[in-house]
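There are 2 protein chains.
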Amino acid sequence: MSQRTPAQAAELALLLEVAGTPKPGNVDRHRDLDDLRFEHFLAGAVGARPGLAAAAAGDPVGESFERAVAGMADQRGGNTQFGALLLLVPLVAATEGDGPPSRDAVERVLAETTVADAAAFYRAFDHVAVLVGEPPADAPDLDVRRGSDAVPDVEARGISLAAVMERSAPKDGVAAEWSNGFERTFASADRLAAGDGPILDRTADTFLALLADEPDSLVATKHGDDVARSVSERASTLLDAPRADVEAFADDLVKGGINPGTTADVTAAALYVALQRGVPV
Amino acid sequence: MSQRTPAQAAELALLLEVAGTPKPGNVDRHRDLDDLRFEHFLAGAVGARPGLAAAAAGDPVGESFERAVAGMADQRGGNTQFGALLLLVPLVAATEGDGPPSRDAVERVLAETTVADAAAFYRAFDHVAVLVGEPPADAPDLDVRRGSDAVPDVEARGISLAAVMERSAPKDGVAAEWSNGFERTFASADRLAAGDGPILDRTADTFLALLADEPDSLVATKHGDDVARSVSERASTLLDAPRADVEAFADDLVKGGINPGTTADVTAAALYVALQRGVPV
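Protein sequences, first through last, are from chains S and Z.
Heads up: the first sequence at position 213 corresponds to 213 in this note's numbering, and the numbers run straight through without jumps.
Quick note, this note's numbering runs 281 ahead of the 1-based positions in the second sequence.
Just so you know, the hints here were simulated from the structure itself, not pulled from any lab data.
As the structure is a computational prediction, the values presented were derived from the model and not from experiment.
Glycine is no exception: its CB is placed at the ideal position from the N, C-alpha and C atoms.
Simulated DEER-style distance windows between Cβ atoms:
| no. | chain 1 | residue 1 | chain 2 | residue 2 | range |
| --- | --- | --- | --- | --- | --- |
| 1 | Z | Ala386 | S | Lys171 | 48 to 58 Å |
| 2 | S | Ser102 | Z | Arg515 | 50 to 60 Å |
| 3 | Z | Gly538 | S | Glu112 | 47 to 57 Å |
Cut-off 25 Å, straight-line C-alpha distance, at most; resulting in silico cross-link-like pairs (DMTMM-like, lysine to aspartate or glutamate):
| no. | chain 1 | residue 1 | chain 2 | residue 2 |
| --- | --- | --- | --- | --- |
| 4 | S | Lys171 | S | Glu155 |
| 5 | S | Lys255 | Z | Asp482 |
| 6 | Z | Lys536 | S | Asp201 |
The task is simple: from the sequences and hints, build the whole structure.
In structure tokens form, the structure reads like this:
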């Protein structure tokens, strides 16, 4: 069994996620985007660690998340792992002892989030530009793009971080994990654990399976539901395809500027759970 | 200026080093060796951090190094960054405030190493198999391959870690850095800082310049001085060559099992100094 702490395992999960290849549309071991390169993800993962360690030490989820994002943003690529950290922080907070967090423990962590956690979540948007969809029509004041400017409105509404996520769940795959008990995260950890071969190959397989399983919400936000659906349909035809076909798909998506970032976020979260389950590197 | 702590910068240096490509003969972003893969270096860097943080906190150099190596070894690839850590630990220990360590501060750290530091250095060899040359004929009891078994002899001789390094310097490029005030490390940090373009490209350029400059001592230990010299001669013809030629050289060395590991160690150390000087990622 590894001697890694949960914060170390979470950081390693971020590193393995970006190194897994081919991961169609995203930065991976063999692909950069124009202004978002592999080294930005390395620095983002290293920078996030103090926030992850804070979550492991029992600091509030929102505050730990904001700290992780501030550290992550300490590189020139911009947003590298915001969504992944939004999954990893509660998973780390729910981890007790050496093993993986139980789904019950994760549910408890989410249920116990407060208005202060929600406020810290909004403040995290001050550190880095994050592509998100329009806010719900009934709550324009809760637009996360307002960052810390929205905090008084969050406090006036008395809304917890879990409740903020609940509102976003229909259109955001990361928020959906919060609302469904990290269902895809834990299922993907099972897949990672059941696989054989090098962990980076398993990472790529898991990413493709997740993409095939459900349209990526970041792609939907940026390019519309039809594009997101067609990307997932193509992914589903490639699950048993020769690797060269998956590489070609990856190149096509990068060329088209189509980046299934939410799928990468869930992959990173699944890697954390798998590492805590003892999957070796 | 980055908010990274010295321990974070040192870990990031390890990650940037392995990601730099092409880095002829070594694991890099685009190349694995048979049993030593990219992910082993990622896990090694993450695992080393507590030892690096101990060095930053003022713990003894030997103890910090042993701790870093024990954490580094927590993956299945074996020795990934032993030599790099032997350079990074004193550099981190010599770092005060936000900037890079001065060469004077590094010299002081080395000069202050003790017999206890030497003993911890020997114990570090218990954690991982390291390829080293034969011990000096006059001191077979100081063979590092004996690991902790050699500690009573180290103590009986009353030899400091700096003195251990002094003995190894003629045949070991990492030990030579200890003996010459980290000359190649600081010169390469200058090169990294003077370069432009993405940091991973500068990393590859710096590695090639170091390899051209001096035969790699790990290659000499494994394949003999003639091979080490001819590798460096070929590197020196490629300093201004098209990238494809360097890629071909990299593939040749990997095929031949020729891994200039010492050159990679110095590159990692130079990256740390460059990051502390404010070279951006």
